[in-house]
Every structure is written in C-alpha cells, then in structure tokens.
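Just so you know, the sequences run in chain order A and B.
Our numbering applies: residue 26 is where the first sequence begins, and numbers increase by one.
Our numbering applies: residue 26 is where the second sequence begins, and numbers increase by one.
Think of the hints as simulated: they come from the structure by calculation, not from any bench.
Any given hint could turn out to be false.
Identical chains blur together in the list; that is why a pair holds if it fits in one copy or across any two.
Derived SDA-like pairs (lysine to any residue); straight-line CA-CA distance at most 25 Å [stated by the list, open to error]:
(1) 267 / 130
(2) 267 / 53
(3) 267 / 54
(4) 314 / 300
(5) 314 / 291
There are 2 protein chains.
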Amino acid sequence: MTAVMPAGVETARDLVGPAVAAAVGRLSPEVRTVAAYHLGLDGGGGTGKALRPALALLSARAAGAAPDRGVPAAVAVELVHNFSLLHDDIMDGDTERRHRPTAWTVHGVGAAILAGDALLALAQDILLEDSAAQGVWAARCLSAAVLRLIAGQGADLAFEQRDDVTLAECQTMAGDKTAALMACACSIGAIHVGAAPGLAMGLAGFGAHAGQAFQLTDDLLGIWGAPEVTGKPVRADLRARKKSLPVVAALTSGSAAGEELAGLLAQPGELTEDDLARGARLVEEAGGKSWTENEAADQLAAAEKCLNETGMPDDVRAEFAGIAEFITARQW
Amino acid sequence: MTAVMPAGVETARDLVGPAVAAAVGRLSPEVRTVAAYHLGLDGGGGTGKALRPALALLSARAAGAAPDRGVPAAVAVELVHNFSLLHDDIMDGDTERRHRPTAWTVHGVGAAILAGDALLALAQDILLEDSAAQGVWAARCLSAAVLRLIAGQGADLAFEQRDDVTLAECQTMAGDKTAALMACACSIGAIHVGAAPGLAMGLAGFGAHAGQAFQLTDDLLGIWGAPEVTGKPVRADLRARKKSLPVVAALTSGSAAGEELAGLLAQPGELTEDDLARGARLVEEAGGKSWTENEAADQLAAAEKCLNETGMPDDVRAEFAGIAEFITARQW
Chain A
26 MTAVMPAGVE TARDLVGPAV AAAVGRLSPE VRTVAAYHLG LDGGGGTGKA
76 LRPALALLSA RAAGAAPDRG VPAAVAVELV HNFSLLHDDI MDGDTERRHR
126 PTAWTVHGVG AAILAGDALL ALAQDILLED SAAQGVWAAR CLSAAVLRLI
176 AGQGADLAFE QRDDVTLAEC QTMAGDKTAA LMACACSIGA IHVGAAPGLA
226 MGLAGFGAHA GQAFQLTDDL LGIWGAPEVT GKPVRADLRA RKKSLPVVAA
276 LTSGSAAGEE LAGLLAQPGE LTEDDLARGA RLVEEAGGKS WTENEAADQL
326 AAAEKCLNET GMPDDVRAEF AGIAEFITAR QW
Chain B
26 MTAVMPAGVE TARDLVGPAV AAAVGRLSPE VRTVAAYHLG LDGGGGTGKA
76 LRPALALLSA RAAGAAPDRG VPAAVAVELV HNFSLLHDDI MDGDTERRHR
126 PTAWTVHGVG AAILAGDALL ALAQDILLED SAAQGVWAAR CLSAAVLRLI
176 AGQGADLAFE QRDDVTLAEC QTMAGDKTAA LMACACSIGA IHVGAAPGLA
226 MGLAGFGAHA GQAFQLTDDL LGIWGAPEVT GKPVRADLRA RKKSLPVVAA
276 LTSGSAAGEE LAGLLAQPGE LTEDDLARGA RLVEEAGGKS WTENEAADQL
326 AAAEKCLNET GMPDDVRAEF AGIAEFITAR QW
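Model the full structure from these sequences, guided by the hints.
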C-alpha cells in the first residue's frame, strides 16, 4: 500500500476546482463570502481533498466518456460534500478544519447554515442544467445520497445521547453518513453520461465499500492521526466523545479495557489531555483499533472485488483501485 | 377587503397535507421526529397557513389541469417553505412559532439544521420523481427560488450588522426572501403540467407582487400584530431589532421620530417593554407604518393587474385574487 496521492486526485482538482469556483460565484455576495472561505477559494487554508470529484470524473470515463463530461457531476458531489461539512462543523462544535478555523466560528452560525444551504441548492441546480433524462437520473442519484447522508448525521447526533449504541448501528450510520455519497460519486458520472444500469450499480457497489473503508480510516485518524497532518485537534473524536467505530468496537468488546473506557467517557466535564491519552490506549487495549484496521482491509477487498467484476477500461479500473488503496493508507 | 380565509386554502390543506406527511414519513426516525414536530404532524401546534400549496394547486388549474395534478409541486413548495422556517428560526433566535416553541429550542440546533436540510432535499426529490421534461423545469424553478430565498436571508442577516440599510436594499431583500418563493408557488404547478411560458411568466409576476404584499403585511404584523393571533411574541421584530420594511422606512424618513428611533435601536442591551412600545409609536410617527400600508396596496394592485392580463379560467383567476386580497388583510 502507498500513501502517495494518486495523480487523478490532483487532475480532478485542476479540472473541477475552477467549475466549483464558478458555481460559488453565482451566489449573492454575503453567502458567497462564507462559502468561498469554507472552500479555501479566498486563498487561505487548504482546498480539501478532491477525492469525490476525482471519483466522479473516473465514473464518467468508466462509461467511455471524456473526463470533462464528468465535470458537472463532480462539481455537484463536491458541493454536497461541502454543504455537509459546513453543517456538520456546527452540529459537532468543531472549531478547526483544513488547518484553519471553521466557517461558523469566523462568520457565525447563521451565515454558515446559509452557506451550506446554498451549496446544496446549487448542486441540484447544476445537474438540472442538463435537462436530458440522464441529468434527472443524476440529480435523483444525488438527492438519494443527500437524504442518506442526513439520516446518517441524524443517527450520529442521536448516538451522542445514548450509551447503548451497537457496532451494527454504528456501521449503518457510517454507511449512510459517508459511504452513500462516496457510492454516488463513483456512479453519478457514469449515470450523467447515460451509462447502462449494470455499470452504474457496479460502480456504486465499489464506492459503498470504499466509502466504508474511508470512514473506518477517518475514525482511526480521529484518534491516532497527527494534528499537523489532519488539520484537526489531536484526538478530536475522543475529545468530542464521538461514538466512532473504534470507540464502539472497544465499548462493546466485553473487555476490562472497554469497561474502563466507558467509565472514562461517562465522567462529567471536559476530558483532560491525560484522559484523552488514556482513552486512546484503552480503545487500543480493548481491540477497537485492530478491529477497525481489519474491517477497513475487508471493505477495501470488497471494493476491489466489485471493481474487478464490473466492465470498464483497464486504466480507469487501475485509477479507481489506486484511490481506494490510498483511502485506507492515508495519514489525513 | 376581507380577512376570511379563502376556501382554496383549506382545500389545499386537505389535498396536500397527507402528501406532505407521506413525504416526511420517508425520512429516518431521528430526522422525521424533528420535521414532524415543526410541521405540527405530531398533533401539536398549528399546521401552518397552507397558502403556498393553495397557490401551487391553483397554478396547475390555471393551465387547465385537475387540482390533484398540482400536488407534487405544492408539496415541494411547502417543504421548501418549512426548510427555510426551520433554519431562519435558528438564525434569528426565534423561540416561538405556530403557538409553540420552535424546533431548535426543543430538539437542539443540530437536529433542527438537519431537519431543514432533509426537507430541502426531499422537495427536489419529489419533483424529480417525474422524469419528464416538465419535472426538470419545475425542479429548476424551485432551485432558482431556493437560491434567491437564501440570498434574501443572507442579506437580512447582514443588515443586522449595518445601520445604513436603504429602503431599496430592504425591498430587494424582501423580493428575494419572500416574493421569489411565492412567485415559484404561483407558477410551478403550471410549469409542472407543461404550461406555455407566457402563462408561467404571468403567474410568476402575479406571485412576485403578491409576495411583496405578503412580506409588507408580515412586517406590519411583526410590530402591530396581536401575539395570540400571530403566534409570535408581541412586537417580535422590534425586539429582535429587525431591519423590517416599516422600520427602515421610518429610519430613512429624515424625520425627528426616525432619528429618535435610530437612537433607541442603537442602545445596548435588551429592549424593555416600554422601549418596544415607544419604538412602535416612533415607527408610526415617522411614517413607516403608512408607507408600508400604501406599498402593500400598490403591490396588491400590481398583482391584480398581472392576473387580469394573463389568460386562465375565470374561477381560477377569482381564487387567485381572493388569496391576494386575504394576504394583505390578514391578522396573522
């Protein structure tokens, strides 16, 4: 495995970035300012990973179309992804993203809600500019993913109030919150250029498994990631007492370390740095880290199986596989 | 003029209400609970005015279609309206709506943001279930209105930080925030059943003027409305120091009362009940109330002119006119 960014991700940024900027340019000045800040279009901070746009462009190529045919779909997916980040940062109280303060901390909660709303509305509008039947199918693919994403975030919020979350519930939540949009990214480009249902479904299956692997890796980084690389505070997920997959795997492990972890997370008040370090050790001792690593490897294997069973040009398949491997080996 | 609810509004509630409930039933349990609370589907509170659904049903009938053909468009508009209410209540810090606590005060800011997001995504999804070309046009009509609605709310929020808002800026803001969705409601039903562009544009013009009249009336009620009828706290807009149309008309009147009002609104801390009563008197003395009443009458006349110049069955035209008159004569 390699942690080097696949070339397609950089290419996607070059191809899709200007189109995202043009879309945001259509917003009214007050809303545009906040959206541009969040997206790093004002020149500050990072500009995000461009993973989903890269997948959407590949998706169009999988159906035999030129990469630029996938641009509207890639823009729409990237806008939806950022809609959810803007709103999630408010809900989760996150204060840092892409190495700078989150939009709501700088521009206020109201303005950040509104900027998220605008990106969601823009995403649909861009797909509908193509009024052919495939534009509608692409728009429905996206709205189905958005509804699952919202369901997943709703479950995630509800989990914070519960101490009996099962690992299965947690996996379903990750499937909704992360994998659904990834599945959409991997298939929407093909759908938007009129691909056959078999190809679209194979790509969606690949994206769903790769998306699960992505979330599992994200959850590992949420505890063990280096803040200077992830752009988030150290042990951010433990600090927020998030019911992430490694944490729930540990809590439901039936081990002494799992019980001790439950006690630690149940204590009132903010967790100290010492608490957080101990928490991370307990998740590991209870097997939460290794379970998550194994599950990520299984999901990666399942993604690759889908990929190999779906007909597409070899170079496209190789690029999809490269991104999937990168997802689980990345440091951010 | 009469303040009796036109029959069409009640009919719309009967026809569209179950379809709205069915749409909300598609959401995940956590998100559905909050959306149902906001919409009053849990049996508590009021269920809202059903004005926009009534307009959307009439819009389909204007194009010669049976009223039930307008239901998807009516549901979509009603969902978008409630998406904006859910989010606006958070942004404006409003604690009461439809005679009970707002959703964010009961379920939390995060859950209320998500419920709003879900209603917006659902609205688009419902229109796209009809993959014929007119479904796409209807969806684009809606997303254009949503983007203007967001622009208007963005301007409204920005106005709070400014003391130099002009009356023209305020009217543009109201056009975006309220009239755009009303124009959409009045034309989307016709668009969705494949009406000719001339009819759709005439209906949109009617809706834009009726929407301005609606906002002007809403702003009057925001200061002089009876709380037991409006379901909002007394003088809510003054309390929130909202740059509403009567307030800005007073502030920019060049009168002594206008200057005194500016001083009152600039004082730090919460305004007392006495301050609020004095504020309302000052808006009136500065001519802000009469300007708003006259402007509402002018917009109503312009709406009626659009209506009379657009070809449609006489009974439909009469119902549209009845709703427009009701809008400006209502007490809530």
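Taking the hints in turn, this is what the structure says about them:
1. Both within a single protomer and between protomers do residue 267 and residue 130 lie at most 25 Å apart by alpha-carbon distance, with minima of 20 Å and 23 Å respectively.
2. Taking the closest pair of Cα atoms, residue 267 and residue 53 come within 25 Å of each other only across two copies (20 Å); inside a single copy the shortest separation is 35 Å, beyond that limit.
3. With identical chains, the CA atoms of residue 267 and residue 54 are at most 25 Å apart between copies only, with a shortest distance of 20 Å across copies and 35 Å within one.
4. Taking the closest pair of Cα atoms, residue 314 and residue 300 come within 25 Å of each other only inside a single copy of the chain (18 Å); across copies the shortest separation is 60 Å, beyond that limit.
5. Taking the shortest Cα distances, residue 314 and residue 291 sit within 25 Å of each other inside one copy (20 Å), while across copies they are farther apart (56 Å).
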